[in-house]
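Q: Please put together the full structure from these sequences, using the hints given.
Spelled out, the chains give:
2 protein chains.
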Amino acid sequence: MRQRSPQTWRLIRDSAVGLMADRGFDAVSVDDITAAAGISRRTYFNYFAAKESVLFDPDPDDPRLWAELTAARPAGEPLWTALHQLILAYTAAAGAEIVRQCRVIAASPSLAVCSRETCDRFWDCARAWAAGRDTAATDLQLDLLINTARAAFSTVSARWDVDTGIPGLHALIDEAFTLVISPEWKKL
Amino acid sequence: MRQRSPQTWRLIRDSAVGLMADRGFDAVSVDDITAAAGISRRTYFNYFAAKESVLFDPDPDDPRLWAELTAARPAGEPLWTALHQLILAYTAAAGAEIVRQCRVIAASPSLAVCSRETCDRFWDCARAWAAGRDTAATDLQLDLLINTARAAFSTVSARWDVDTGIPGLHALIDEAFTLVISPEWKKL
DNA sequence: ACTCATCGTGCACTGAGTGCACGATAGCCC
DNA sequence: GGGCTATCGTGCACTCAGTGCACGATGAGT
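Residue numbers (my numbering), protein chains in the order written: chain A, 1070 to 1257; chain B, 1070 to 1257.
It is worth saying that the hints were derived from the structure and are not from the lab. Please note: incorrect hints may appear among the correct ones.
Since the list gives no way to pick out one identical chain from another, each pair is judged satisfied if it fits inside one copy or across any two copies.
[As the list claims (entries may be wrong)] Below are the SDA-like pairs computed for lysine to any residue, each with C-alpha atoms no more than 25 Å apart in a straight line:
no., residue 1, residue 2
1, 1120, 1203
2, 1120, 1071
3, 1120, 1145
4, 1120, 1144
5, 1120, 1098
6, 1120, 1236
7, 1120, 1093
8, 1120, 1202
9, 1120, 1175
10, 1120, 1235
11, 1120, 1237
12, 1120, 1208
13, 1120, 1244
14, 1120, 1150
15, 1120, 1210
16, 1120, 1157
17, 1120, 1075
18, 1120, 1140
19, 1120, 1154
20, 1120, 1209
Given the structure is predicted, the values throughout are model-derived calculations rather than measurements.
A: Structural data, given as structure tokens:
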């Protein structure tokens, strides 16, 4: 991949999401995007490897946000609690972007699969961060814990009504993270 | 979608997977597949909506297998245990196909995302089956339980060395399902 | 002025996926 | 047997995604 300027990245992203929010993902071609952004087709693919990428690629600013959020977690905090708080903080910070993305995805079922990639970024970071903490957990335990948190989140985000906004999402997250840690729920 | 004959379905599937096992997914075009199967390009797309579909679409025989496996679960069995046993039985039954698929996917990283769809089919069935059982669980509890099981499975399948075969996979599944249900693992 | 890195562009090409109309075969009914 | 119909494979033309490559504009350093 060639080098990329952050301004062009934003320009393409904003043009594309704008069009897709209006017409839906499938009704917008790459040519439409490049026309709206005033760039060439080839430049588009210098920035985004595929049509979906313009929705799902990480914001260049993301690593900075993640560093900030993890730095705020106290040292001795149990991992489960920390993950709970991190996901609240992350969804709060990226709120507007998330809601916009969810609307486009919801309107175009063919995108449902790809949407997982967005979450994966978060959980990959979480995994790396958790592994760097002082803990007695084995690799397998860590993976299971992270993936269970991921499962809790994906469960509630599937039930989330986008119109309730981030507060509605947070209420569901709290409920799920509490349920999973309760001792009796697996005897169902 | 037009009507389809099971023989043609199998013919295309087998030709495609054969080629992909040899050369890798990306190096096989739809034209290669249709040439190998002795059918036309258009017929291919009458059977499979996309190139990946030939790997990931459910075997027409799958519903029968699923019905058989769930019928074998005793009525009062805790859901977690039942899911544990179901996934052992399913991976045992579909073993050869799974190993073959995993090899192709492992050799072509661009397919990693799509591979989730295969698992989704299993867990969708599991969810529907669990909802039909007599249980005091709420919808949210059921979803969380299913998705936690899914997380446990996806954790171990990511760590699975395909060359250890289905027995190796089963050992990992047993370990994970035991760990997750143990009371202390979330205090890490 | 020269050089070099950066980054946008034009073009030609491959391959995925679709809409549509046609054709071959096989069963069925009179 | 002749005509009807459902099934299912096929050929063709087309759109759009994605790539390799060479060129061009700009701007900074010397």
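Q: Take the hints in turn and mark each one as holding or not.
A: Verification of the hints:
no. : hint         : verdict
1   : 1120 to 1203 : neither (41 Å within a copy, 45 Å between copies)
2   : 1120 to 1071 : within (17 Å within a copy, 29 Å between copies)
3   : 1120 to 1145 : neither (43 Å within a copy, 49 Å between copies)
4   : 1120 to 1144 : neither (41 Å within a copy, 48 Å between copies)
5   : 1120 to 1098 : both (8 Å within a copy, 20 Å between copies)
6   : 1120 to 1236 : neither (31 Å within a copy, 40 Å between copies)
7   : 1120 to 1093 : both (13 Å within a copy, 23 Å between copies)
8   : 1120 to 1202 : neither (37 Å within a copy, 42 Å between copies)
9   : 1120 to 1175 : both (17 Å within a copy, 24 Å between copies)
10  : 1120 to 1235 : neither (27 Å within a copy, 37 Å between copies)
11  : 1120 to 1237 : neither (30 Å within a copy, 39 Å between copies)
12  : 1120 to 1208 : neither (36 Å within a copy, 36 Å between copies)
13  : 1120 to 1244 : neither (36 Å within a copy, 40 Å between copies)
14  : 1120 to 1150 : neither (37 Å within a copy, 42 Å between copies)
15  : 1120 to 1210 : neither (37 Å within a copy, 37 Å between copies)
16  : 1120 to 1157 : neither (29 Å within a copy, 38 Å between copies)
17  : 1120 to 1075 : within (18 Å within a copy, 34 Å between copies)
18  : 1120 to 1140 : neither (34 Å within a copy, 44 Å between copies)
19  : 1120 to 1154 : neither (33 Å within a copy, 41 Å between copies)
20  : 1120 to 1209 : neither (35 Å within a copy, 34 Å between copies)
Hint compliance for this structure: hints 1, 3, 4, 6, 8, 10, 11, 12, 13, 14, 15, 16, 18, 19, 20 are broken, all remaining hints hold.
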